[in-house]
Amino acid sequence: MRRTTTTQEKQCFFCTANIKVIDYKDGELLRKSLNPQGKIAGRRRSGVCAYHQRLLAAAIKRARFLALIPFTTR
Amino acid sequence: MESEAKRYEISYLVSPNVAEDDVVRVAGIVTRVIEEAKGVVGHINEPKKRRLAYPMYKHRFAYFGYTTFQISPSQIAEIPQKLRFEKEIIRHLIVDEVVIPPRQFAFRASWQPTEAGISTKRETPRREERPAPSAEERAKAIEHIDKRLDEILGTPGEQ
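Going line by line, the protein sequences match chains A and B. To convert, take the position in the first sequence, counting from 1, and add 556; that gives my numbering. Counted from 1, the second sequence has number 79 at position 85 by my numbering; the numbering is strictly sequential.
Accuracy of the hints is not assured; some may be wrong.
[Stated by the list, open to error] Beta-carbon label-pair distances, calculated as ranges: (1) 145/B x 574/A: 39 to 47 angstroms; (2) 601/A x 45/B: 20 to 28 angstroms; (3) 571/A x 137/B: 41 to 49 angstroms; (4) 584/A x 15/B: 25 to 33 angstroms; (5) 627/A x 36/B: 26 to 34 angstroms; (6) 42/B x 628/A: 20 to 28 angstroms.
For the record, the hints were derived by calculation from the structure and aren't laboratory data. Note that CB positions come from ideal geometry on N, CA and C, so glycine has one too.
With the rest of the complex left out, here is chain B:
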């Protein structure tokens, strides 16, 4: 029985021996393997060169890219089997698709843990920035403040 398609995501590291303009071809290999396993490719994120946190096969750098796709869970095992023979892809990871709600992006990279690990700073400003008041509004506000001051302090003539 054909089970229902599920959404997955494959992220992979491409060997740095591949030329920069040739990386798209390697991304195409991943796409091809997915399609051969009767998967439907969704979003393709082009591999970008980045420094690895630790050397892998004596490489300090690699291209990191990921692709989302839909495939039936019974077919998923084919993908790593085929990718094993692709020497240019040095490592890959298939996981359930990580769907980030759009509102979440605003808070990225705003975390500043203090020494105790508690962030006391407000992540976002309390109020949205308002447009600067016009000269007329400002004059009105000053007039209002003057009036209130007079009320509180009493008019200078009285004292």
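Bound conformation, chain A alone:
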């Protein structure tokens, strides 16, 4: 079966918004990159570039430690 593909080119949100530093204290922003289970969204889903995905993952892990965002949800 053919996979549905989007015709739009994926653009990294952080690149387009000119975000150079991802703050781990900004739980609201980080939550948007989690799936309903609280896992980090993959690049395929989020369209984030490799550089920002690395920064994002580090920020999410810090925020989880401080209970700003969940490790997991039921």
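Given the coordinates of chain A, assemble chain B onto it according to the supplied hints.
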């Protein structure tokens, strides 16, 4: 050899058993510990009560605050050692200071991922909002449009 001071940031969670007006005192403990380790305190963000994403020591809420400071890397290890004995601080994290460029704030909380995870909406309006045109300008514009229309369609008398 004394190494050069580096900028750090400590964020911490204060136990909810502390009274709301007593939180500043606990923030003072962090400041004191930093100063005891020969650090220079920068910005202090007062702890604010917030709901935790998961319970910690059976607490559902805690005060979250952070403090920036400068200290030589050789001294940094003293801070967690001392904070261990402060029962009111239930957890802390020391990291390199997160300096957010001032221009970045405008884009906060504007991300709306679509189902495919692609945001097609423009984050900012294309043009800055202009002030509403005055009555005179509007009249002029209408006159101009009328003139152009006449040119395109031809004057009504001709047809």
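Now for the hints, and whether the structure bears them out:
no., hint, result
1, 145/B x 574/A: 39 to 47 angstroms, "holds (45 angstroms)"
2, 601/A x 45/B: 20 to 28 angstroms, "holds (27 angstroms)"
3, 571/A x 137/B: 41 to 49 angstroms, "holds (46 angstroms)"
4, 584/A x 15/B: 25 to 33 angstroms, "holds (27 angstroms)"
5, 627/A x 36/B: 26 to 34 angstroms, "holds (30 angstroms)"
6, 42/B x 628/A: 20 to 28 angstroms, "holds (25 angstroms)"
When each numbered hint is compared with the structure, no violation occurs for any of them.
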